[in-house]
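Participant: Produce the entire structure from the sequences given, and follow the hints as far as they go.
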Amino acid sequence: MNTSKDNTLRTLSIGLILVLIFGFVATDWLRFLVQMSLATFLVVLGVMLQMRAGLVSFGQGLFYCLGAYVAGMAGYFWGITDVFLLLLAGTAACLLLSVVLGFLLVRYRGIFYANFSLALSMILYGLLVKAEILGSTDGFNVPHSTFLGFAPEGETLKITIFVLTSVIVYLVAVVLHRYLSSTYGYMGDAIRQNELRVEYLGASVRSLIHKVYVIAAAISGIGGVLTAISVGHVDPDLAYWTTSGEFVFVALLSGTANVIAPIVGTFLLELLRTYAFEYAPYTWQMILGVTMLLVILFLPGGIWSIGAERRTEN
Amino acid sequence: MTKLLAILIDGSIYAAWVFLMGLGMTLIYGVMKILNIAHGSLYALGAYMSVSLIGFYYATGSFPPMLGYAMLPLAAIAVGLIAGLLIERGVLRFMYGRDEVVMLLVTYSIFLILEDAAKLIWGVDPYFAYQPYGLLGTVEILDLIYPVYDFLLIAISLCCAVFVWWGLNKTRVGKLLIAVIHDREMSMAFGINVKLFFTVTFVIGAAFGALGGAVTAPKVSVVPGLGVEVIVLAFAVVVIGGLGSIEGAMIGSAIVGIVRAAAVHILPEVELFVIYGVMALVLAFKPHGLFAGPEVRKI
Amino acid sequence: MTAILQTNNLSIQFGGVVGASDISVTVNKGEVIGVIGANGAGKTTFVNLVTGYLKPSSGTIHYMGNDVTRLTPREITDLGIRRSFQIPQLFDEMTALDNMLTAQSVAPKVVRSFWMPLQRSDTMEIAMKRLEHFGIVDSAQQEVSMLPQGVRKILDIAMATIGEPQLVMLDEPTSGVSAEEKFEVMDIVMDAFAQQEVTVMFIEHDMELVERYAKRVLAFYNGMVIADADSRQALADPHVREYVVGKEIHRTHAPQGEN
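Chains as they are written, first to last, in my numbering: chain A, 4 to 317; chain B, 41 to 339; chain C, 2 to 260.
In short, the hints are calculated from the structure, not lab data.
Heads up, some of the hints might be wrong.
Said to hold, decoys possible - Taking lysine-lysine pairs in the DSS-like style, the calculated list, with each CA pair at most 25 Å apart, reads:
| id | chain 1 | residue 1 | chain 2 | residue 2 |
| --- | --- | --- | --- | --- |
| 1 | C | 216 | A | 214 |
| 2 | B | 215 | B | 73 |
| 3 | B | 326 | C | 56 |
| 4 | C | 216 | C | 30 |
| 5 | C | 130 | C | 110 |
| 6 | B | 259 | A | 133 |
| 7 | B | 235 | B | 73 |
Facilitator: Right under this line is the structure:
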């Protein structure tokens, strides 16, 4: 069991180095693609965390969007451009909201939880669309970021954001991986498998789900902030149900066994999306839907489960 | 005073509209234990089919205008049969017995597929089919002007409610359906063709959802994404009423309708908040809704 | 004799079915009580009521003098009451070892961590020892959904013994365990409890086990307690014989006290 943890850690570390090298040599477009994948990967991790506890969040976009908008608003309205402050603000907002909403949400499971989360994200969407001051459906632009006083422009700015994104995502992945092997990590799995027994062993399932919900919200918020500064723009679509659906799609496709799995999944998603929009613009949702059905039917453990047996034998 | 009347009438219209969605969803859940998110796209397909049929009907100019209303149930039945059968026979029947959340993901996937199917068939430009809406004119009640069409909506919903109530309680088939709802295995043991019931129920439920879209189409411009908001509302309705309960869907619709109408007249921004607030309130006292079934003992 | 558990007029209905009717029982510290009765008589319902899974429609439950009627299973566990289940409640996708580790880390008063791995040498040692003690250490690395029912049953009980329980309620501890192993299992379980002076109530259908391990017997019928006396007396009670035991006790081993 310890070797597997080291494997993941090692893979993540190698991955970081490779990604950083890639960032310096790749074309603008490709680098941006990878950057976006990394940011959305965090949100997928949030979905995955809840999935491991047996809960499907159809509305993770709520926190993704919140993080992005808080970062955007801080820059647009109050001139705050330091990324670290933005990350702090976005994460704090998500922490606050998730702690409050959690009290309501943890009373529910299964289809209730899924639909509730969907509804909450659509409520935010509805609010943002009606908010003229925030640009309604058009959203608004996010000013260029600064880094502890350092204010790069042009190519340097892009590279700096890329490096920052890669490092932060790496750190979150490492921490989360450690978390999943911890007591609380196993408790999450235990809840999915037998909630009643967990209660009878002396742990509060609600309290635990609350923690999972909050952690997932925080990570998603970080993903949102990173997206906001990468793209330079925020709009309500971040909270739309289809966005949340994509996170669920990747989590399902990748499987929830390991933190590395969704990285590949998100990258594939971004790649697929780019080509789908170019060649078959009205079939994007359909492709996702069909793939999801196929995965549910034939690969319940996600793509990650394909190599699973071979790995456990090692 | 006028405001109160406005809230009451608006609420009833809204309740009737949302009831058709809730009815289909709660029926499908009650029989098949599936919460059908794809109902949103069935609604959208119903709307699209409706505008197509209405458009075709009035375009030829040679048919009696009043008979155009037959296009609405026609559209609903067409979508119910085609989409309903495709979904149930083509996808769902391979998945029965799976976990409820897995089924939710399945219906979610179907939702995604159907959303694009609508785009592929009808394109992304908005459609209009105002004839059924305008033909009936307006009526005035105490300073408030309402299109008569909206009251037709209420009438249709009531008809559906009565139809379902009568079907379940007064027909042999209905009683068998209630048996299937209560205990699927036992029904099978008694020789009831549960598979057939599943298919028929899904088609009927789908038709109700499509009817919701079909009757709405003349009032709005039909565009992609029409079904999403409805799902969020329909969910509130069936949860408040209790999943699987027809009476629950009725009461739930009434509550959601009145609450929403009140919000719209008093403080429009909080519309969705209030509806979900009411839902949370109901669930706080009755965790499974107002008319939910008994809990099965696990240990 | 200090009363550890006391129920007063405990009642509950499930629709038209009476789950419990006016159950008034006093259990003293250190007692070992056999709970018998036909299926549906209310034995598991009683355990469910005491452990907070069900809330009675009337009546009270006192534990160590405190009213615990409205508490949840988790709060009950915190106070020192444990139970095992008729159908083993395990974490099916985990190994037996992981099940035990999880149970250990989740127990009341244990510090839980976001950071420390669940599988550490110290925790694993303790878990393996426990599994060994109950004779199921060979299954440690196997996924529990693959294990035979008997082993699952034992694991279920083993997980319920963690911490320092004061009162343990076992629901059919040997159902699913092979006839030869029943005594072995009960010996292990009861020895451990006897050493820690744990009060034990176990539901059983096997009267030999009841005779052998229980000093006192509670007999249920239709949600009521129809006998509450020491084992010999209760098992000889005509009502108990009629509604629970049957007229003749089939013996596979000689009863205690005889050759």
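Participant: Between residue 259 of chain B and residue 133 of chain A, does the CA-CA distance stay at or below 25 Å?
Facilitator: 22 Å, holds
Participant: Taking only the CA atoms, is the gap from residue 216 of chain C to residue 214 of chain A under or equal to 25 Å?
Facilitator: 46 Å, violated
Participant: Are residue 235 of chain B and residue 73 of chain B close enough, with their CA atoms no more than 25 Å apart?
Facilitator: Distance ~13 Å between residue 235 of chain B and residue 73 of chain B Cα, so the pair holds.
Participant: Tell me if the straight-line CA distance from residue 130 of chain C to residue 110 of chain C falls inside 25 Å.
Facilitator: This hinted pair holds, its Cα atoms lying about 20 Å apart.
Participant: Would you check the hint for residue 326 of chain B and residue 56 of chain C, treating anything up to 25 Å between C-alpha atoms as holding?
Facilitator: Distance ~16 Å between residue 326 of chain B and residue 56 of chain C Cα, so the pair holds.
Participant: Given the hinted pair residue 215 of chain B and residue 73 of chain B, is their Cα-Cα distance within 25 Å?
Facilitator: Status holds; Cα separation ~18 Å.
Participant: Please work out if residue 216 of chain C and residue 30 of chain C have their alpha carbons no farther apart than 25 Å.
Facilitator: 13 Å, holds
Checked against the numbered hints listed earlier, the structure breaks hint 1 alone; every other hint is satisfied.
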